[in-house]
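J.: Chains as they are written, first to last, in this note's numbering: chain D, 1 to 170; chain V, 1001 to 1109; chain F, 2001 to 2352.
Hints were generated in silico from the structure; no laboratory data involved. All of these numbers come straight from a predicted model, not from anything done at the bench. The C-beta atom is built at its ideal place from N, Cα and C for all residues, glycine as well. Just so you know, not all the hints are guaranteed correct.
[Stated by the list, open to error] Facing chain D, according to a computed beta carbon distance under 8 angstroms, are these residues of chain F, among others:
| id | residue |
| --- | --- |
| 1 | I2003 |
| 2 | I2006 |
| 3 | A2118 |
| 4 | A2144 |
[To be verified] Straight-line C-alpha distance at most 25 angstroms; calculated BS3-like pairs for lysine-lysine:
| id | chain 1 | residue 1 | chain 2 | residue 2 |
| --- | --- | --- | --- | --- |
| 5 | D | K163 | F | K2055 |
| 6 | F | K2296 | F | K2349 |
| 7 | F | K2065 | F | K2055 |
| 8 | D | K163 | F | K2134 |
| 9 | F | K2325 | D | K162 |
| 10 | F | K2051 | F | K2065 |
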Amino acid sequence: MIQNVFYFLCFLTLISGSMVVFSRNPVYSVLFLILTFFSISGHYILLNAQFLAAVNIIVYAGAIMVLFLFVIMFLNLNKENETHKSNLSKFAAVIAGGILLVIMVAALKDVDAGTYKAEGFDSQIGMVQNLGMVLFKNYLLPFELASVLFLVAMAGAVMLGKKETGERHF
Amino acid sequence: MNEIPEVIRTIPLNYYLFLSTALFVIGVTGVLLRRNAIIIFMCIELMLNAVNLLLVSFSAYRSDPNGQVFVFFIMAVAAAEVCVGLAIIVMIYRNLQSTDVHLLNKLKW
Amino acid sequence: MIILGIFGITLLIATYCTYAERKIAAFIQDRIGPNRAGPFGLAQPLADAVKMFFKEEFIPANAHKFLFVAGPSLAMLTACMSSAVIPFGNTLIINGNHIRVQGIETNIGLLYIFGVVALGVYGIMIGGWASNNKFSLLGAIRAASQNISYELAMGLSIIALLMMSGSLSLRQITLQQGGEFLGLSGLDWNIFYQPLGFIIFLTCAFAETNRTPFDLPECETELIGGYHTEYSAMKLGLYLFAEYVNIIVVSAVMSVLYFGGFNFPGQDWVRANIASDPTLAHNLVTILGIVVFFGKIFAFIFFFMWVRWTLPRFRYDQLMRLGWKILIPLAIMNVVLTGAAILFWPQLKAMF
Chain D
1 MIQNVFYFLC FLTLISGSMV VFSRNPVYSV LFLILTFFSI SGHYILLNAQ
51 FLAAVNIIVY AGAIMVLFLF VIMFLNLNKE NETHKSNLSK FAAVIAGGIL
101 LVIMVAALKD VDAGTYKAEG FDSQIGMVQN LGMVLFKNYL LPFELASVLF
151 LVAMAGAVML GKKETGERHF
Chain V
1001 MNEIPEVIRT IPLNYYLFLS TALFVIGVTG VLLRRNAIII FMCIELMLNA
1051 VNLLLVSFSA YRSDPNGQVF VFFIMAVAAA EVCVGLAIIV MIYRNLQSTD
1101 VHLLNKLKW
Chain F
2001 MIILGIFGIT LLIATYCTYA ERKIAAFIQD RIGPNRAGPF GLAQPLADAV
2051 KMFFKEEFIP ANAHKFLFVA GPSLAMLTAC MSSAVIPFGN TLIINGNHIR
2101 VQGIETNIGL LYIFGVVALG VYGIMIGGWA SNNKFSLLGA IRAASQNISY
2151 ELAMGLSIIA LLMMSGSLSL RQITLQQGGE FLGLSGLDWN IFYQPLGFII
2201 FLTCAFAETN RTPFDLPECE TELIGGYHTE YSAMKLGLYL FAEYVNIIVV
2251 SAVMSVLYFG GFNFPGQDWV RANIASDPTL AHNLVTILGI VVFFGKIFAF
2301 IFFFMWVRWT LPRFRYDQLM RLGWKILIPL AIMNVVLTGA AILFWPQLKA
2351 MF
């Protein structure tokens, strides 16, 4: 039962992931990317990482993708006027991607990734309490640095987004 | 309460390895294939998510919370990256009326 | 089973919200309001629904057909999903089994609600974009920026509350508020500890549900109908309906977080005196709690409508300034104050 759910989610992830790349219209790409994030959140729930599943939806689907959609609507990029690459370079891109896939799969085919250990297994590690403990005990400095990163990013975005004097409105 | 999730008991870890590899390759292909800067950006998000998925699955199989904390940080960094990146794209659009990356091949206008 | 019941009740209340809105508007403007269909016009929602269903389903020629239909459906779906984790009451004891009056009890309940609320904006954005109409697009863009801006302040105002409760489960948060305050049991509500947080949350709730004074995405005077300019018949109905479901959900969340959920003043006294059989007493208190909880929800819904017919609409730059320059700093200050209060609570207590 759960296996079928897993295979279905894999199928959904890969199909919607490729539709992000192959849709002609950027808005459809965004929507398929949201679908991909949902299926990845589904994987997280299967793996009992509930906190990350919720955060994945809130951060990626709820905030980042709204920004993408906002920019696409704002710039009126929804016309399908992207000048396409020549067939040769398209072909080369797909071949390069395919070769990367083949190499990675060949390299990972015989990897012994190991498996779970039944004794000492803790299914509660993905819960909020547990992650909070690890985050605020072992990773306190990176956490603080991440907040500095946000501050810098915010200042940078505001500076970039500001209209220069004399610039025309579009 | 502390029972092993069924997916961990029945699905080998290698399957997650292959899934996230495939997702990562889709992202790489997208970056190579498309010319629209926003789509390229989305493909980078796709690659980041492939890595996130792999980290979470390793973390869940080994019951080691550190991997999930890393994913949390990746999400934070991705959010910051998107915020600056989209500002840059809007800036490019203002100057060029397009987000085609091939118009940006001269280092100065 | 319970989850179907909860959906049914939410939809029923949403239906009658349309009636209540018109009656309250009429009362405030000194009119009578709908009074033709049934006694006191009580069948008016049914008449409206019939009208909506039998109108022509019109899709503009240049609209993206699939997304045009997907927009209202998504709005309705996300609105209904969030009511699943709200604890409508304590446990009912039937044949010795404790049955929770709640759809799903999860330890990330609040995060779930936030996730679903964050998705709510997609229905509006997709619908507005797919209509292929400039006014719809403007409405959609306004909705997106408004929702993103106010979600930040909303999340920050909740963080102060979470620092006190230490749990994301809505049920846990409710049960924590059942203690004594001023000698009355069941009155230990968070509103007495987080008044500033509540005001920020309330303001953001208005913005998130696109209600006046923050209804810029559908503001008639500037944008015709905003994101639903091109919609007609039941698709328009779904958008309007989703707004009412959102109001119910947000009212329920506010009751749970700040007004004690299903706790009511004097509940321990009632539990001790209402019946001699402890099981029966527990069940009766639970049922009273459900009634009180719905009372709180209705009070908030009334407040939403009251504000709608009292306050004028903000201008767009005023809206953004309020969100970014006033509410977010206030919320951060609230977090710092709460943290300091938690840290120095023993010393503060010793002083008095």
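J.: Between K2065(F) and K2055(F), does the CA-CA distance stay at or below 25 angstroms?
T.: Holds, at roughly 18 angstroms.
J.: For the pair supplied as a hint, K2051(F) and K2065(F), is the alpha-carbon distance within the 25 angstroms limit?
T.: Answer holds: K2051(F) to K2065(F) is near 23 angstroms, not above 25 angstroms.
J.: Could you check if I2003(F) really has its C-beta closer than 8 angstroms to a C-beta on chain D?
T.: With a minimum Cβ separation of about 18 angstroms from chain D (threshold 8 angstroms), the hint on I2003(F) is violated.
J.: Next pair to validate is K163(D) with K2134(F); report whether the Cα-Cα distance is within 25 angstroms.
T.: holds (24 angstroms)
J.: Should the interface hint for I2006(F) be scored as holding, given a Cβ-Cβ cut-off of 8 angstroms against chain D?
T.: violated (20 angstroms)
J.: Quickly compare the C-alpha distance for K163(D) and K2055(F) to 25 angstroms and report which way the hint goes.
T.: The given pair, whose Cα atoms are some 47 angstroms apart, is violated under the 25 angstroms limit.
J.: Please verify whether K2296(F) and K2349(F) have alpha carbons no more than 25 angstroms apart.
T.: With Cα atoms ~32 angstroms apart, K2296(F) and K2349(F) exceed 25 angstroms; violated.
J.: Hold the hint about A2118(F) up to the distance rule: shortest CB distance to chain D must be less than 8 angstroms.
T.: holds (3 angstroms)
J.: Mind checking the alpha carbons of K2325(F) and K162(D) for me, to see if they're no more than 25 angstroms apart?
T.: Within the cut-off at roughly 17 angstroms; holds.
J.: Against chain D, with CB atoms and a cut of 8 angstroms, does the hint on A2144(F) hold up?
T.: holds (5 angstroms)
In summary, the numbered hints that this structure violates are 1, 2, 5, 6.
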